[in-house]
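**Q** With these hints in hand, go ahead and build the complete structure from the sequences.
Residue numbers (the working numbering), protein chains in the order written: chain D, 1 to 339; chain H, 340 to 678.
If you're looking for bench data, these hints aren't it; they were derived computationally from the structure. None of these values were measured; they are calculated from a predicted model. Do not rely on the hints blindly, as some may be mistaken.
Unchecked claim - Here are a few chain H residues that face chain D, going by a calculated C-beta distance under 10 Å:
1) Pro470
2) Pro493
3) Ser645
4) Leu656
5) Leu657
Yeah, the Cβ is synthetic: ideal placement off N, Cα and C, and Gly gets one too.
There are 2 protein chains.
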Amino acid sequence: MTTIQDIADKLGISKGTVSKALNDAPDISETLQKQILETAVELGYTRLRRYKNSARRLCILVEEENIQYTEPHHFGHDIVMGFRQMAEPAGFEVEIVPVSEDSQRSISYEVFMLQNDYAASFVLGFSLNDPWMTDFETSRTPAVLYDNQIRGNPSTAYIGIDNDEGMDLAVAHLKDLGHKKIGYLSSALESHIMQVRYNAFFQAMKQHGLDTDPSLAGCSFFMYECMEKHLPRLLDMGVTALICGQDTIANAALVQCQQLGYKLPRDLSIIGFDDLPISPYTSPPLTTIRQDRINIGKCGYYAATSLLNGVSIGTILLHAQLIVRNSTGVPACKKADII
Amino acid sequence: MTTIQDIADKLGISKGTVSKALNDAPDISETLQKQILETAVELGYTRLRRYKNSARRLCILVEEENIQYTEPHHFGHDIVMGFRQMAEPAGFEVEIVPVSEDSQRSISYEVFMLQNDYAASFVLGFSLNDPWMTDFETSRTPAVLYDNQIRGNPSTAYIGIDNDEGMDLAVAHLKDLGHKKIGYLSSALESHIMQVRYNAFFQAMKQHGLDTDPSLAGCSFFMYECMEKHLPRLLDMGVTALICGQDTIANAALVQCQQLGYKLPRDLSIIGFDDLPISPYTSPPLTTIRQDRINIGKCGYYAATSLLNGVSIGTILLHAQLIVRNSTGVPACKKADII
Numbered sequence: 001m002t003t004i005q006d007i008a009d010k011l012g013i014s015k016g017t018v019s020k021a022l023n024d025a026p027d028i029s030e031t032l033q034k035q036i037l038e039t040a041v042e043l044g045y046t047r048l049r050r051y052k053n054s055a056r057r058l059c060i061l062v063e064e065e066n067i068q069y070t071e072p073h074h075f076g077h078d079i080v081m082g083f084r085q086m087a088e089p090a091g092f093e094v095e096i097v098p099v100s101e102d103s104q105r106s107i108s109y110e111v112f113m114l115q116n117d118y119a120a121s122f123v124l125g126f127s128l129n130d131p132w133m134t135d136f137e138t139s140r141t142p143a144v145l146y147d148n149q150i151r152g153n154p155s156t157a158y159i160g161i162d163n164d165e166g167m168d169l170a171v172a173h174l175k176d177l178g179h180k181k182i183g184y185l186s187s188a189l190e191s192h193i194m195q196v197r198y199n200a201f202f203q204a205m206k207q208h209g210l211d212t213d214p215s216l217a218g219c220s221f222f223m224y225e226c227m228e229k230h231l232p233r234l235l236d237m238g239v240t241a242l243i244c245g246q247d248t249i250a251n252a253a254l255v256q257c258q259q260l261g262y263k264l265p266r267d268l269s270i271i272g273f274d275d276l277p278i279s280p281y282t283s284p285p286l287t288t289i290r291q292d293r294i295n296i297g298k299c300g301y302y303a304a305t306s307l308l309n310g311v312s313i314g315t316i317l318l319h320a321q322l323i324v325r326n327s328t329g330v331p332a333c334k335k336a337d338i339i
Numbered sequence: 340m341t342t343i344q345d346i347a348d349k350l351g352i353s354k355g356t357v358s359k360a361l362n363d364a365p366d367i368s369e370t371l372q373k374q375i376l377e378t379a380v381e382l383g384y385t386r387l388r389r390y391k392n393s394a395r396r397l398c399i400l401v402e403e404e405n406i407q408y409t410e411p412h413h414f415g416h417d418i419v420m421g422f423r424q425m426a427e428p429a430g431f432e433v434e435i436v437p438v439s440e441d442s443q444r445s446i447s448y449e450v451f452m453l454q455n456d457y458a459a460s461f462v463l464g465f466s467l468n469d470p471w472m473t474d475f476e477t478s479r480t481p482a483v484l485y486d487n488q489i490r491g492n493p494s495t496a497y498i499g500i501d502n503d504e505g506m507d508l509a510v511a512h513l514k515d516l517g518h519k520k521i522g523y524l525s526s527a528l529e530s531h532i533m534q535v536r537y538n539a540f541f542q543a544m545k546q547h548g549l550d551t552d553p554s555l556a557g558c559s560f561f562m563y564e565c566m567e568k569h570l571p572r573l574l575d576m577g578v579t580a581l582i583c584g585q586d587t588i589a590n591a592a593l594v595q596c597q598q599l600g601y602k603l604p605r606d607l608s609i610i611g612f613d614d615l616p617i618s619p620y621t622s623p624p625l626t627t628i629r630q631d632r633i634n635i636g637k638c639g640y641y642a643a644t645s646l647l648n649g650v651s652i653g654t655i656l657l658h659a660q661l662i663v664r665n666s667t668g669v670p671a672c673k674k675a676d677i678i
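**A** Okay, here's the thing in structure tokens:
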């Protein structure tokens with residue numbers, strides 16, 4: 001196992017200097033400290049630190065551009081809460097660290113973790129082009145990623161809900177109501193989870209024997225493109241129901257369709273994804289697929305401690321839940337059949 | 340919540356009789372007891388029992404036709420061990436219950452669990468046509484299934500390794516060595532896990548830009564068909580490497596190829612799946628994808644207690660590990676190139 005001596009030898013400096021850098025002593029230059037920490041990481045010194053009794057510190061890394069967590073109605077709030085509810089009684093100190101693309105570029109993930117003496121991280125809101133996503137491919141300090149998956153690195157785990165199951169529940173619900181032509185609307189496929197849900201939508205449609213024409217999906221980074229380009233296009237194609245990749249898009253679609261003169265759910269059924277705190281208060285209240293956020297946080301903690309204890313968990317998926325409210329119903333054409 | 344009175348009312352009998360049936364009293368007929376237990380399950384009485392402090396009993400249900408566990412060299416041994424290593428120190432009594440298709444047909448899963456006062460089960464070795472697989476679609480007594488997945492029932496969880504990752508590691512290893520034409524050999528696609536690995540093989544081949552002709556796979560329930568029909572066919576097609584869905588098939592293929600005069604790994608590389616205890620002792624020692632069986636057992640326990648505590652875990656996958664031994668190497672044609 002790597003020792004302080006190994007690091008000192010590699011850099012041709014004294015053990016004392018290495019020790020100072022690792023213990024954040026004031027009388028060492030920032031440049032030298034950075035160099036020592038980077039060498040420590042390179043030599044695998046993280047492994048050693050990770051199991052030290054003193055290292056009872058965990059961090060939650062939040063990409064603030066993508067996920068909010070400070071208020072109870074924010075999506076990330078309960079995820080953070082669930083994690084802390086498990087970690088703190090177990091004696092861990094948990095720090096929440098907002099990160100940006102810039103802050104990731106300024107330091108590598110491993111050096112950051114070593115510098116702050118964090119044993120493991122819980123990573124929220126990262127997109128595929130966040131710089132540390134590349135670091136996670138080879139990092140050795142445990143990282144548990146919410147809604148992101150790194151294949152082939154035994155020090156990372158992926159936590160989320162089973163989106164295949166969720167999409168299957170959504171399509172089955174609409175099919176049971178009598179819908180046949182179902183569209184899909186989501187933000188751009190630039191995150192792991194949007195890709196997963198997009199594929200899950202077409203897989204569920206296929207399994208239920210429904211139309212899988214790729215033009216039934218509309219995806220864009222810009223909300224106005226979703227609402228003013230894709231939504232009218234899907235309505236023109238004759239869809240009687242829409243599944244949205246997120247509740248925010250579903251909510252916008254509810255409003256937009258009613259402004260276009262559609263009566264919901266008679267003329268169009270809409271299903272969201274996430275069960276955001278606002279979902280019971282949309283008009284009409286939104287049928288959606290729930291992510292149990294408290295339990296996502298709890299599973300995040302479990303995965304982190306498992307990785308710390310050498311149990312190489314790669315994936316934990318929670319069951320998805322369909323929450324039926326009033327934005328879905330029997331399609332008008334079907335009702336006419338019945339009458 | 341369902342009470343003993345509800346069960347008594349439904350059947351038009353006394354509370355005392357219901358209580359006798361639930362407590363396995365000797366002075367009640369077997370037929371009446373069965374009827375009472377079935378009614379209790381129907382009314383949701385399992386929910387009540389599940390959380391009783393007295394119900395600290397778990398069972399491991401083993402389909403003995405498919406999985407052995409009694410000896411240390413048996414595949415199931417360490418899975419059972421890992422589960423017990425977690426459950427027993429936590430105060431659970433763990434009973435191992437061998438089951439067969441016949442025993443499953445004689446009683447429903449829920450009635451069996453209630454009758455024996457088991458709070459949850461860990462299910463090993465079930466194939467898709469085991470009778471209780473249908474019960475698991477709607478059961479409410481937690482069931483954690485090794486290598487089987489029930490979608491849409493929040494009282495079940497699926498535990499295993501990440502087979503997509505494993506297959507990706509196997510294909511990447513062979514591609515790195517210089518192999519281009521790779522075949523796949525496995526038993527029949529009658530179990531969930533054989534279907535998963537079969538699909539994972541072609542997905543990995545596609546991702547690595549290699550030939551995905553379906554005829555590159557040979558699958559049969561009968562070992563002799565794998566060895567005498569599919570193996571020669573794949574060799575005739577010019578494969579330089581074989582991935583096998585199980586170590587047992589890989590081991591048979593090692594022997595068979597050498598009897599046909601092939602030198603391994605020069606003429607053919609072979610990779611297995613599972614890392615059975617025999618794998619280091621095949622000739623040559625087998626390169627394979629390891630399932631960490633102790634940790635599968637530990638995760639099984641974690642999933643069971645999570646379901647008991649209302650954390651609806653659907654899936655836990657452990658990272659797959661590639662174990663490189665001597666049954667894989669640079670293909671002869673590639674070596675000739677180098678010389």
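**Q** Please list, smallest to largest, the hint numbers that this structure does not respect.
**A** Failing hint: just 1.
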